[in-house]
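Mind docking chain B with the ligands on chain A? Use the hints.
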Amino acid sequence: MAGVRTPREILTNRVAIVAVFVALAIMLTPIYWIASTSFKPRNLATTIPPTVVFEPTVSPFVKLFTKRSQLREQPTQEEYDAAPWWEQMVFDGGEKVVRNRRSGEVTMSGYGDRFTNSLIISIVSTVLAVSMGTLTAYGFSRFKVAGEDDWLFFILSTRMLPPVVVAIPMFLMYRVVGLNDTHLGLIILYTAFNLSFAVWIMKGFIDEIPREYEEAALVDGYTRMQAFFKVVLPEALTGMAATAVFCFITAWNEYAFALIMTNRNAQTAPPYIPSQVGSGLPDWTVIAAGTLLFLIPVAIFTFLLRNHLLRGMSFGAIRK
Amino acid sequence: MAQIDIRNVQKFFGQHQVLKNLNLTIEDGEFVVMLGQSGGGKTTALRAIAGLETVTSGKILINGTEVQDRKAADRDIAFVFQSFSLYPHMTVRENIAFPLRAVRMNAADRDKAVSEVAETLQIAEHLNRKPSALSGGDMQRVAIGRALVRRPQALLMDEPLGVLDAKLREQMRAEIKRLHIARGSTSVYVTHDQIEAMSLADRIVILHDGVLQQVGPPDEVYLHPTNLFVAKFVGSPVMNVNAVRLEGNSVVINGASQGFHFPDQMLGHARSTAGEMTLGVRPEAVLLSHQPSDGFVEAVTTNIEPLGSHDIVDVRLGDTVLRARTESAFVSGEGQKVWARIDPSQAHFFDTATGLNLRGAN
Ligand SMILES: Nc1ncnc2c1ncn2[C@@H]1O[C@H](COP(=O)(O)OP(=O)(O)O)[C@@H](O)[C@H]1O
Ligand SMILES: [Mg+2]
Numbered sequence: 000m001a002g003v004r005t006p007r008e009i010l011t012n013r014v015a016i017v018a019v020f021v022a023l024a025i026m027l028t029p030i031y032w033i034a035s036t037s038f039k040p041r042n043l044a045t046t047i048p049p050t051v052v053f054e055p056t057v058s059p060f061v062k063l064f065t066k067r068s069q070l071r072e073q074p075t076q077e078e079y080d081a082a083p084w085w086e087q088m089v090f091d092g093g094e095k096v097v098r099n100r101r102s103g104e105v106t107m108s109g110y111g112d113r114f115t116n117s118l119i120i121s122i123v124s125t126v127l128a129v130s131m132g133t134l135t136a137y138g139f140s141r142f143k144v145a146g147e148d149d150w151l152f153f154i155l156s157t158r159m160l161p162p163v164v165v166a167i168p169m170f171l172m173y174r175v176v177g178l179n180d181t182h183l184g185l186i187i188l189y190t191a192f193n194l195s196f197a198v199w200i201m202k203g204f205i206d207e208i209p210r211e212y213e214e215a216a217l218v219d220g221y222t223r224m225q226a227f228f229k230v231v232l233p234e235a236l237t238g239m240a241a242t243a244v245f246c247f248i249t250a251w252n253e254y255a256f257a258l259i260m261t262n263r264n265a266q267t268a269p270p271y272i273p274s275q276v277g278s279g280l281p282d283w284t285v286i287a288a289g290t291l292l293f294l295i296p297v298a299i300f301t302f303l304l305r306n307h308l309l310r311g312m313s314f315g316a317i318r319k
Numbered sequence: 000m001a002q003i004d005i006r007n008v009q010k011f012f013g014q015h016q017v018l019k020n021l022n023l024t025i026e027d028g029e030f031v032v033m034l035g036q037s038g039g040g041k042t043t044a045l046r047a048i049a050g051l052e053t054v055t056s057g058k059i060l061i062n063g064t065e066v067q068d069r070k071a072a073d074r075d076i077a078f079v080f081q082s083f084s085l086y087p088h089m090t091v092r093e094n095i096a097f098p099l100r101a102v103r104m105n106a107a108d109r110d111k112a113v114s115e116v117a118e119t120l121q122i123a124e125h126l127n128r129k130p131s132a133l134s135g136g137d138m139q140r141v142a143i144g145r146a147l148v149r150r151p152q153a154l155l156m157d158e159p160l161g162v163l164d165a166k167l168r169e170q171m172r173a174e175i176k177r178l179h180i181a182r183g184s185t186s187v188y189v190t191h192d193q194i195e196a197m198s199l200a201d202r203i204v205i206l207h208d209g210v211l212q213q214v215g216p217p218d219e220v221y222l223h224p225t226n227l228f229v230a231k232f233v234g235s236p237v238m239n240v241n242a243v244r245l246e247g248n249s250v251v252i253n254g255a256s257q258g259f260h261f262p263d264q265m266l267g268h269a270r271s272t273a274g275e276m277t278l279g280v281r282p283e284a285v286l287l288s289h290q291p292s293d294g295f296v297e298a299v300t301t302n303i304e305p306l307g308s309h310d311i312v313d314v315r316l317g318d319t320v321l322r323a324r325t326e327s328a329f330v331s332g333e334g335q336k337v338w339a340r341i342d343p344s345q346a347h348f349f350d351t352a353t354g355l356n357l358r359g360a361n
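Protein sequences appear in the order of chains A and B. By numbering that gives the first Met the number 0, the letter at position 170 of the first sequence is numbered 169, and the numbering carries on one by one without gaps. By numbering that gives the first Met the number 0, the letter at position 109 of the second sequence is numbered 108, and the numbering carries on one by one without gaps.
Next up, chain A with everything else stripped away, as it sits in the complex (with noise of 0.2 Å):
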């Protein structure tokens, strides 16, 4: 209602949206500094005070992805005209691009593959947790399951254990049953992290679906899985949407279980970029860019289910 506001309300109002500004500006600050960084030479990374205005540039993401070594001696002109722009940026900071010495092929750095091995691992096992917490939700909510209570409270009592106390044990059964840097290993690990949270959460989201939706459904001719996938699930979509981001960015950002399970086939990102940091001077452009890169998936998947999201974070599926 576009009624009058009294001054006072307009003052209110005022008040909250500067403090909604000097709270975002707060929270962006990283993200504006990483971003940053990772268009930076590296030189300029780390003065103090810091830069603010300079000459962006490219090449930490050119390093990010190549392998590249110190340059012992200064290319020639020749060899420094021939490079292409991006080996030309890693001779000017000092260093070459490591090639293959037969095929003279570009060596790449581990970075692309941890990214895919990030996006595998979140993505299936986000699919594996929201679709059989689901399930495992519709089941409590629509059935008579015999100790229902108790077992909610077992699968929610998952979750009491800080999950690093485990993670000697579980690094020593990984090992014998060999799922130890596999993919399959870490998508297991994190679809039984956020299984239980998807059942809570997914349960909440069914219980608000009146039940008559189904059975108009069963007295119309569908069986209980035709009646579950065509009516339950439209109307339980906002709510899985909201369970799977939250879901993928705890599997995404994951970094203890990723680093003791995993070293090279199933690394993920999280553990990689920081190592980067050990090997020589640490070079913190190249970590920015990297970080800047692992950030903008999550970014992706919240944008596309934002019109969920606004509805699912407030926890209610249904409008009455």
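In case anyone wonders, no lab produced these hints; they're calculated from the structure. For every residue, glycine included, the Cβ atom is placed at its ideal position computed from N, Cα and C. Be careful, since some hints might not be right.
As the list claims (entries may be wrong) - Just so you have them, the derived chain A footprint on chain B, three or more residues with Cβ under 8 Å:
id : region
1  : 38-52
2  : 61-74
3  : 85-99
Said to hold, decoys possible - In silico DSS-like links for lysine-lysine, alpha-carbon gap of 25 Å or less:
id : chain 1 : residue 1 : chain 2 : residue 2
4  : B       : Lys58     : B       : Lys70
5  : B       : Lys70     : B       : Lys19
6  : B       : Lys166    : B       : Lys176
7  : A       : Lys95     : A       : Lys66
8  : B       : Lys111    : B       : Lys176
9  : B       : Lys19     : B       : Lys231
10 : A       : Lys143    : B       : Lys336
11 : B       : Lys129    : B       : Lys111
12 : B       : Lys166    : A       : Lys143
13 : A       : Lys229    : B       : Lys129
14 : A       : Lys229    : B       : Lys70
15 : B       : Lys19     : B       : Lys58
16 : B       : Lys111    : A       : Lys229
17 : A       : Lys229    : A       : Lys143
18 : B       : Lys19     : A       : Lys143
Claimed, not checked - Simulated restraints, written as ranges between beta carbons of each label pair:
id : chain 1 : residue 1 : chain 2 : residue 2 : range
19 : A       : Asn252    : B       : Asp68     : 23 to 29 Å
20 : A       : Met131    : B       : His88     : 22 to 28 Å
21 : B       : His223    : A       : Gly146    : 49 to 55 Å
22 : A       : Thr11     : B       : Gln36     : 47 to 53 Å
23 : B       : Asp68     : A       : Gly146    : 23 to 29 Å
24 : A       : Pro233    : B       : Gln36     : 52 to 58 Å
25 : A       : Ile16     : B       : His88     : 53 to 59 Å
26 : B       : His88     : A       : Thr301    : 19 to 25 Å
27 : B       : Ser37     : A       : Val165    : 50 to 56 Å
28 : B       : Val237    : A       : Met131    : 25 to 31 Å
Frame of chain A, contents of chain B with the ligands only:
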């Protein structure tokens, strides 16, 4: 179309018995209304017929075939819920077509059936809208359309007009009646609104605490209630119910100073009981007069409800009050002296202990 037979059906929810030995036959093409207070077991009975609820024991037959162990989908029955049964993610057209998809009807026949139903229910212009864009009345029209579209054996409706406002309810009531006459589908309709029941039903089934109280056409239920519950539940304004005693041929309401004279033949059944007795008279059977005359006893008006077409007047006799129905403005105000009489042919005597009508079978 179908005949539905409910035989000795019992339903327990845990320890709580919700249907107590229910027996009822619904004839082919009949419109039966289940009437009763909330919690009486009406919804449970309807859901049991539909197959949405199992019965603890007993049989349900549709056209002579036992269906109590069949799934809802295999009973070929349609159900209209009080609310929340239109799928919000589908358009009205998709909603109505939904049951036809279950039987894999081809698209052309489906469109034809949907248009036909939409035409009948006057919702054709809404076919491409989402349910959320409809008014409450139109939503229920769509729900009824979805139920009718596949021409089910029977149509079950659980308070389909319950969420609508009074005016719309009246209008929809007429539409449902018209639709039933046009289609002749066997229908079971649940409501707690006795006016709805009276106006729609071929037969009314009154259910209270899981026990079937009376089954009969509306006028029979109204004129010959088998027990006190039915007598009090059916009719508006409610029947006058008072403890009485017999003094010769005089029926004296406890607390009143003077009795009403009843002809001998009207008291036969009343005489047969030794126990406490309750008299039930509808307001229209309480006659008022401005002059003292034979059989009338003196009373004082205490409250008047003018209802336009008629008035409801409360009159005090000694310590008790009777409600009478009079023509408009028959009495002009409270505290007026009038004379009252009870029409013996419209009086009901009940055994207070059992609640049963002492006229027995009539
Ligand atoms: N699923 C259920 N579980 C337990 N009790 C129920 C269930 N459904 C209904 N009841 C109980 O059964 C009784 C009858 O309910 P219902 O059939 O809905 O009555 P009505 O439709 O006449 O209001 C009520 O006391 C209600 O609490
Ligand atoms: Mg009910």
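Do the hints match the structure? See the list:
1. Figure legend: the region 38-52 of chain B, annotated as covered by chain A; annotation consistent (3 residues with Cβ-Cβ distances under 8 Å, at least 3 required).
2. Counting residues of the region 61-74 of chain B whose beta carbon lies closer than 8 Å to any beta carbon of chain A gives 4, which meets the minimum of three for the stated coverage.
3. Counting residues of the region 85-99 of chain B whose CB falls under 8 Å from any CB of chain A gives 5; the rule of at least 3 is met.
4. A hinted pair counts as satisfied when its Cα atoms are at most 25 Å apart, and Lys58(B) with Lys70(B) qualifies at roughly 14 Å.
5. Of the supplied pair hints, the one linking Lys70(B) and Lys19(B) holds, its CA atoms being roughly 23 Å apart against a limit of 25 Å.
6. Distance restraint check for Lys166(B) and Lys176(B): the Cα-Cα separation of roughly 16 Å lies within the 25 Å cut-off, and the hinted pair is therefore satisfied.
7. A distance of roughly 9 Å separates the Cα atoms of Lys95(A) and Lys66(A); the hinted pair therefore holds under the 25 Å criterion.
8. Taken as a hint, the Lys111(B) and Lys176(B) pair is honoured in the structure, with Cα atoms around 24 Å apart against an allowance of 25 Å.
9. Proposed proximity of Lys19(B) and Lys231(B) is supported: the alpha carbons are some 21 Å apart, at most 25 Å.
10. Distance check on the hinted pair: Lys143(A) and Lys336(B) sit about 64 Å apart at the alpha-carbon level, beyond 25 Å; violated.
11. Under the criterion of a C-alpha separation no larger than 25 Å, the hint pairing Lys129(B) with Lys111(B) is consistent with the structure, at around 20 Å.
12. Distance restraint check for Lys166(B) and Lys143(A): the Cα-Cα separation of roughly 41 Å exceeds the 25 Å cut-off, and the hinted pair is therefore not satisfied.
13. For the hint pairing Lys229(A) with Lys129(B), the CA-to-CA distance comes to about 16 Å; that is within 25 Å, so the pair holds.
14. A distance of roughly 18 Å separates the Cα atoms of Lys229(A) and Lys70(B); the hinted pair therefore holds under the 25 Å criterion.
15. For the given pair, Lys19(B) sits about 13 Å from Lys58(B) by alpha-carbon distance, which is consistent with the 25 Å threshold.
16. The straight-line distance between the Cα atoms of Lys111(B) and Lys229(A) is roughly 23 Å, inside the 25 Å bound, and the hint therefore holds.
17. For the hint linking Lys229(A) to Lys143(A), the alpha-carbon distance of about 22 Å falls within 25 Å, and the restraint holds.
18. Of the pairs offered as hints, the one joining Lys19(B) and Lys143(A) holds, with about 23 Å between alpha carbons and a cut-off of 25 Å not exceeded.
19. Separation of Asn252(A) from Asp68(B) is about 52 Å and departs from the stated range, judged on CB atoms against 23 to 29 Å.
20. Taking 22 to 28 Å as the suggested C-beta distance range, the pair Met131(A) and His88(B) conforms, at roughly 23 Å.
21. Distance hint check for His223(B) and Gly146(A): the Cβ-Cβ separation is about 52 Å, which falls inside the suggested range of 49 to 55 Å.
22. As the Cβ distance of Thr11(A) to Gln36(B) is approximately 50 Å, the hint placing it in 47 to 53 Å holds.
23. The hinted window of 23 to 29 Å between Asp68(B) and Gly146(A) holds, with their beta carbons roughly 27 Å apart.
24. Distance hint check: the CB atoms of Pro233(A) and Gln36(B) are about 37 Å apart, inconsistent with the given range 52 to 58 Å.
25. Ile16(A) and His88(B) have their C-beta atoms about 36 Å apart, which leaves the hinted 53 to 59 Å range violated.
26. The hint said 19 to 25 Å for the Cβ distance between His88(B) and Thr301(A), and at roughly 23 Å that hint holds.
27. Range check, Ser37(B) to Val165(A): about 52 Å between beta-carbon atoms, so the 50 to 56 Å window is met.
28. Range check, Val237(B) to Met131(A): Cβ separation about 56 Å, and the 25 to 31 Å hint is violated.
The earlier numbered hints that this structure contradicts are 10, 12, 19, 24, 25 and 28.
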